[in-house]
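Residue numbers (my numbering), protein chains in the order written: chain A, 1 to 237; chain B, 1 to 167.
Wrong hints could be hidden among the right ones.
As the list claims (entries may be wrong) - Selected chain A positions facing chain B (Cβ under 10 Å, derived; list incomplete): (1) 174; (2) 180; (3) 190.
Treat the hints as calculated values from the structure; they're not laboratory data.
It should be emphasised that the depicted structure is a prediction, and the values quoted were computed from it without experimental measurement.
Where a beta carbon is used, it is the ideal one built from N, C-alpha and C, also for glycine.
So you can see what is in the structure, the chains are spelled out below.
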Amino acid sequence: MSKRLEGFREEFPYAIAESMKFCNAARSREFQVEAIQRLEILKTRASALKTEIVANKDENLANLLLSVENMLQAVISELKMWVAFKDEDPSAAWTDLVGAQSAASTAMRAHKIAANLDAYIDRLHALEHLLFPPQLFFSSGIIIKRSTCSICGHEYGDCGHVKGKAYMGQMCGRIIKECDLSEISVVSNPANKHCRVISTNDGKVTRDFMTWRLIDEQVTKNSDVDDFKKVLMSNTK
Amino acid sequence: MSIQQYDYVDVEKKAQILGCNIPTDLALLPRNFEDAEFKDDLVHEDSVPTVRILFRQNGITETSIERDGEKYPQISEKAFEGWIGPTIFVSFALLNQNPHILSVALGVISNYLTDIFRGIPQHQNKASLNIVVQTTKKKTYKRIHYEGPISGMEQIPNIIREVSSSE
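Let the sequences and hints guide you as you build the complete structure.
Have a look at this one:
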């Protein structure tokens, strides 16, 4: 396994650098799709290596590979964003950009191997403002009654795993099992950028908040949803 | 960065009225401890379980105001761009015995925040939290509210020392 790991560690930076050449608007779609496919294969290999390393209980290497998986995912998501723009699907492009930001941030927290990603993350945040119109987001306030740890499944707080830290190749999260909704706010800087306004109505017409195209009124009238749900929220990932 | 000072309810009396354990050393107080009429109304910040894990792992002993088997719900809201920390009560006795306890506790929190804020834009790397202390002379309680960058948290212990010995 150590030979495969060494081979992977040599191949990985080269693959990232090669793929980054296609992370812009000018490169042709087909090359971007090919780069995504190459990185997906590499990510599958990273996951397989991680599984073996976890079995050997090497936490440092497992977290390193978690970081690698997320670096690969960040570039995959960015490439998908450029492809989505070419497919005239800016909503999907937004989802991919937010995915890239999230994966890059996770990579940095998972292992020091990704300690130098600041410039890349700044670039992703610059793209957010340069490529997309200003967005409006929703943010929810909740009363948490019960939550569990994503690592061990125990009540969160009773175990020793801390939210946002990596343990044996997995990022610890807090899974909310039981909660009450206390409020919904419209915010400009949300915790979750997937949770955004996707359409707006000025009393006359309904428009897609991203493309500004008119949305078929019949669809809105026939939709069997309450007023709140008409303010469509995108929270798919 | 902003550090503001407010009067605070008598922690011992309020804990008695609500039927909570009386905090003797260091404790995490619910967000609405001052205003709650009943124990069932109490809610913690959602950061409290995380801070409790960090304190346990770093040998910082908390005298929990929850009685055995009790758990207060936690509120999570995103109006503030950053990390909303708990209200940390430090008794006068503990501050006297161990003047560095607050620096240690805040150091543990700021180290954690430095880790989890990696890869987050600078303007979102903010923290807010409250410290409640008893003053030396008049035996009143004061709440110090901090809001700002993680690096500014190291100034809190000095301010707490000034506040606790001021009146």
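To see whether the hints hold, each was checked on the structure:
Checking residue 174/A against chain B by beta carbon gives a least distance of about 8 Å; that is within 10 Å, so the hint holds. At its closest, the beta carbon of residue 180/A sits 8 Å from a beta carbon of chain B; the interface hint therefore holds under the 10 Å criterion. Taken as an interface hint, residue 190/A checks out: its beta carbon lies about 6 Å from the nearest beta carbon of chain B, inside 10 Å.
Checked against the numbered hints above, the structure violates none of them.
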